[in-house]
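There are 2 protein chains.
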Amino acid sequence: MSMDRLLEQIVKKNNPTVAGLDPKLEYVPQFIREEAFAKYGNTLKGASKALLAFNKGLIDALYDIVPAIKPQCAYYEMYGYHGMKTLYKTMEYAKKKGMIVITDGKRNDIGTTMEAYAKGHLGKTMVNGEAISAFPGDCLTVNGYLGSDGIRPLLSICKEEDKGILVLVKTSNPSSGELQDQKIDGKPIYEVMGQMCETWGEELPGKYGYSGVGAVVGATYPEMLEELRAKMPHTFFLVPGYGAQGGGAKDVSYAFDKNGLGAIVNSSRGIMCAYQKGDWQEQDYAKAARAEALRMRDDIIGAIAQMHL
Amino acid sequence: MSMDRLLEQIVKKNNPTVAGLDPKLEYVPQFIREEAFAKYGNTLKGASKALLAFNKGLIDALYDIVPAIKPQCAYYEMYGYHGMKTLYKTMEYAKKKGMIVITDGKRNDIGTTMEAYAKGHLGKTMVNGEAISAFPGDCLTVNGYLGSDGIRPLLSICKEEDKGILVLVKTSNPSSGELQDQKIDGKPIYEVMGQMCETWGEELPGKYGYSGVGAVVGATYPEMLEELRAKMPHTFFLVPGYGAQGGGAKDVSYAFDKNGLGAIVNSSRGIMCAYQKGDWQEQDYAKAARAEALRMRDDIIGAIAQMHL
Numbered sequence: 000m001s002m003d004r005l006l007e008q009i010v011k012k013n014n015p016t017v018a019g020l021d022p023k024l025e026y027v028p029q030f031i032r033e034e035a036f037a038k039y040g041n042t043l044k045g046a047s048k049a050l051l052a053f054n055k056g057l058i059d060a061l062y063d064i065v066p067a068i069k070p071q072c073a074y075y076e077m078y079g080y081h082g083m084k085t086l087y088k089t090m091e092y093a094k095k096k097g098m099i100v101i102t103d104g105k106r107n108d109i110g111t112t113m114e115a116y117a118k119g120h121l122g123k124t125m126v127n128g129e130a131i132s133a134f135p136g137d138c139l140t141v142n143g144y145l146g147s148d149g150i151r152p153l154l155s156i157c158k159e160e161d162k163g164i165l166v167l168v169k170t171s172n173p174s175s176g177e178l179q180d181q182k183i184d185g186k187p188i189y190e191v192m193g194q195m196c197e198t199w200g201e202e203l204p205g206k207y208g209y210s211g212v213g214a215v216v217g218a219t220y221p222e223m224l225e226e227l228r229a230k231m232p233h234t235f236f237l238v239p240g241y242g243a244q245g246g247g248a249k250d251v252s253y254a255f256d257k258n259g260l261g262a263i264v265n266s267s268r269g270i271m272c273a274y275q276k277g278d279w280q281e282q283d284y285a286k287a288a289r290a291e292a293l294r295m296r297d298d299i300i301g302a303i304a305q306m307h308l
Numbered sequence: 000m001s002m003d004r005l006l007e008q009i010v011k012k013n014n015p016t017v018a019g020l021d022p023k024l025e026y027v028p029q030f031i032r033e034e035a036f037a038k039y040g041n042t043l044k045g046a047s048k049a050l051l052a053f054n055k056g057l058i059d060a061l062y063d064i065v066p067a068i069k070p071q072c073a074y075y076e077m078y079g080y081h082g083m084k085t086l087y088k089t090m091e092y093a094k095k096k097g098m099i100v101i102t103d104g105k106r107n108d109i110g111t112t113m114e115a116y117a118k119g120h121l122g123k124t125m126v127n128g129e130a131i132s133a134f135p136g137d138c139l140t141v142n143g144y145l146g147s148d149g150i151r152p153l154l155s156i157c158k159e160e161d162k163g164i165l166v167l168v169k170t171s172n173p174s175s176g177e178l179q180d181q182k183i184d185g186k187p188i189y190e191v192m193g194q195m196c197e198t199w200g201e202e203l204p205g206k207y208g209y210s211g212v213g214a215v216v217g218a219t220y221p222e223m224l225e226e227l228r229a230k231m232p233h234t235f236f237l238v239p240g241y242g243a244q245g246g247g248a249k250d251v252s253y254a255f256d257k258n259g260l261g262a263i264v265n266s267s268r269g270i271m272c273a274y275q276k277g278d279w280q281e282q283d284y285a286k287a288a289r290a291e292a293l294r295m296r297d298d299i300i301g302a303i304a305q306m307h308l
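Here the protein sequences line up with chains X and V, keeping their order.
When we follow numbering that gives the first Met the number 0, the leftmost residue of the first sequence carries the number 0, and every step to the right adds one.
When we follow numbering that gives the first Met the number 0, the leftmost residue of the second sequence carries the number 0, and every step to the right adds one.
Just so you know, these hints were derived from the structure itself, not from any lab.
Even glycine gets a Cβ: it sits at the ideal position worked out from N, Cα and C.
The reader is advised that the hints may include incorrect statements.
Said to hold, decoys possible - List of simulated lysine-lysine pairs, DSBU-like, C-alpha gap at most 30 Å: (1) V/Lys88 / X/Lys55; (2) X/Lys123 / V/Lys88; (3) X/Lys44 / V/Lys88.
Stated by the list, open to error - With beta-carbon atoms standing in for the labels, derived distance ranges: (4) V/Met125 / X/Lys95: 30 to 40 Å; (5) V/Pro173 / X/Asp161: 23 to 33 Å; (6) V/Lys38 / X/Lys94: 23 to 33 Å; (7) V/Glu225 / X/Asn41: 47 to 57 Å; (8) X/Lys38 / V/Ala243: 42 to 52 Å; (9) V/Asp161 / X/Asn13: 50 to 60 Å; (10) X/Asp180 / V/Lys206: 28 to 38 Å; (11) X/Asp283 / V/Lys38: 40 to 50 Å.
What the hints assert, rightly or not - Sample of chain V residues lacking proximity to chain X, with all beta carbon distances greater than 12 Å (derived): (12) Val10; (13) Lys55; (14) Glu197; (15) Glu201; (16) Asp256; (17) Ala290; (18) Arg294.
Chain X extracted, bound-state conformation (with noise of 0.2 Å):
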C-alpha cells in the first residue's frame, strides 16, 4: 500500500516531512512572473505557466531530501483548467523525481461519484479501451462526512493501484472545533472519525504497521494528536500546520510512534517563501527552499529524538 512506500521514503531521507506546493502567484519570484506573462499575456494560462516554473524550480531542489510533494488543489484550479494542467505537469515532473505525491484536494462524495474521483486522482481513467492516468497522485485527502459509501470506492482502487488516502479527522483551523469537537456519546466527532478510519484502514494492511487509510490531524491541536496517535496505532498521519499556522516541533512529534515513524509534517509556506526571509535574492529562492527544508528536517527530527529520551 501506498503508506508503504511513504514511509520507505521517509527513512531512507531520515525526513518526516512534505513540502506543500500551494504556489500562490505572489509567492512566485517576480523574474519567473515577468517571463510568463511577457510571453503568454496577463492570463490564466501565463499565471499558470508561472506556476509551474517556480514548481519545478523548488522540486529540483528539494527531491534528494524531502520524500514528499503536497499540491493543494484549490491555488491550480484558481487558475481553470490551464491550473489544472500545471497541477498534472507537477505531479509528472515529482513523480519523475522519484518523489511520493500527496494530492490535497479533500474530494467527497458518494458511490459511483467517488468512484471517479478515485480513479482521476488515484487509479486509471478508461477511454474507449485504454487505462489512462488522469492525475497521478500517491495519495489523496478526502472528507469523510458522507460515511462509507464516500469512502469503500477509494478503498477497492488503492488494493489495486498500490496507493492510499487520508481523511480529515482533526483539521488546523481554530474553528475546527464547531463540528469535530462536538461529542457523540461522550466522545467527539473527531474521535469517532478516527475510529472509522482504523476500521476502513483494515482492508489495506501495511507492512510497518500502518494502513493505507490515513489521518489529517493537525499540529496546532498537539493534545489531541497524542490522544489520536495512541488510539489509532494502524493510523498514519499527515500534519498540517506547522510553522505559519502556529505549530512548533515539539507540539508535532506527538504526531510520531516510538520508533519516530507514523507521520507526516506539511510545510507549505515556510517552503515556498524562504527566500523572502534574510538575505536572499529571489533568484536563489530554490536555495532558500532548500535551506529552510533541511532546517525544518532538523528541528522536527531533534524533537522526534528529544522526547524518546
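Guided by the hints, dock chain V onto chain X, whose structure is given.
Showing chain V alone in chain X's frame:
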C-alpha cells in the same frame, strides 16, 4: 444573492428541477463518441470532446424549460485538465443560454485555501491586475466539516459577486447516517449543520426569504426533508436522489414551502440516459432528455400541488 436569481428562473419556467450533468462516457451516444475518438484518438482529450458535444446537445434541448444545470466536478476531473476544460466550456455554454450553473464540487478547506476555491468557482482570479473568471458557476456545493473558517471566505465572495453556496446537510446515500445522524446533545449532526447554515445565511439575506447559503438534503430521507424544511425556513434546498436513487415526487415534495418554492430537485441519469429507455434512436438523445425533463417537471409540480390540497 444567487438564490434570488435561481428562484426567479424557477418561477419563470415553472420548474423546480435541475439537470445534473454527470456525463459518464457510457452515457454518451455512440455516434458522438466515435466522431471524437476518430478525430482525437483514444485520449483524455477525445473523451472530453465527446462529453462536451453531448452536454451542448442536452443544454440546447433543455435551456428554455429547465432553470439550471448541475455539473458534477468528479466526472470532468477524471479526464484530467482536458476534462476541466470541458467543465468550463459546458458552464460557459449554459450561462450563454441563460441557465443558472450549480457547480457540484463539495469543496472544503480552510482560510486562504477555501478563498482560492471561492475565487476559482464563484469569484475572480487576479492575474497581474486582470480579474478573470476561472469557472463561471453561480452556486457551489461545499462540505462544512471544517467549520466556519471553511465557509466564511465563501460568504464575502458570494456577497460581492451575487453568488451562493449549498452546504451538505443530509446526503442521499445509504451510509449518510453513520456520521450525519449521530446525536450531539440529543440533536442529530445534520440538524446542527442545518442550524449553522441558517446562521451563515444571515450574512446573505435574499429578497424572497431564502439566503445565499443553501443546503443539500437528499430525497431518500423524506421525513428528514420535512423536518429540516420546518427548522430551516431561510435555507434553500438542493435535493438529490430523485429517480435513479429511489426518491419519488411525493418524497421530494416535502422540501418545498407553502408557496411551492424553496427547493430544486436534481435528476442526472434520468435525463442524460432518457434515450436508452423506450423506443428512442440514439440520435434523438436530446429530444428524449427534453421529454423526460418535462415529465419530471410535471411529476414534481403535481406532487407539490397535491401536498397543498
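- Tell me, which hint numbers fail for this structure? none
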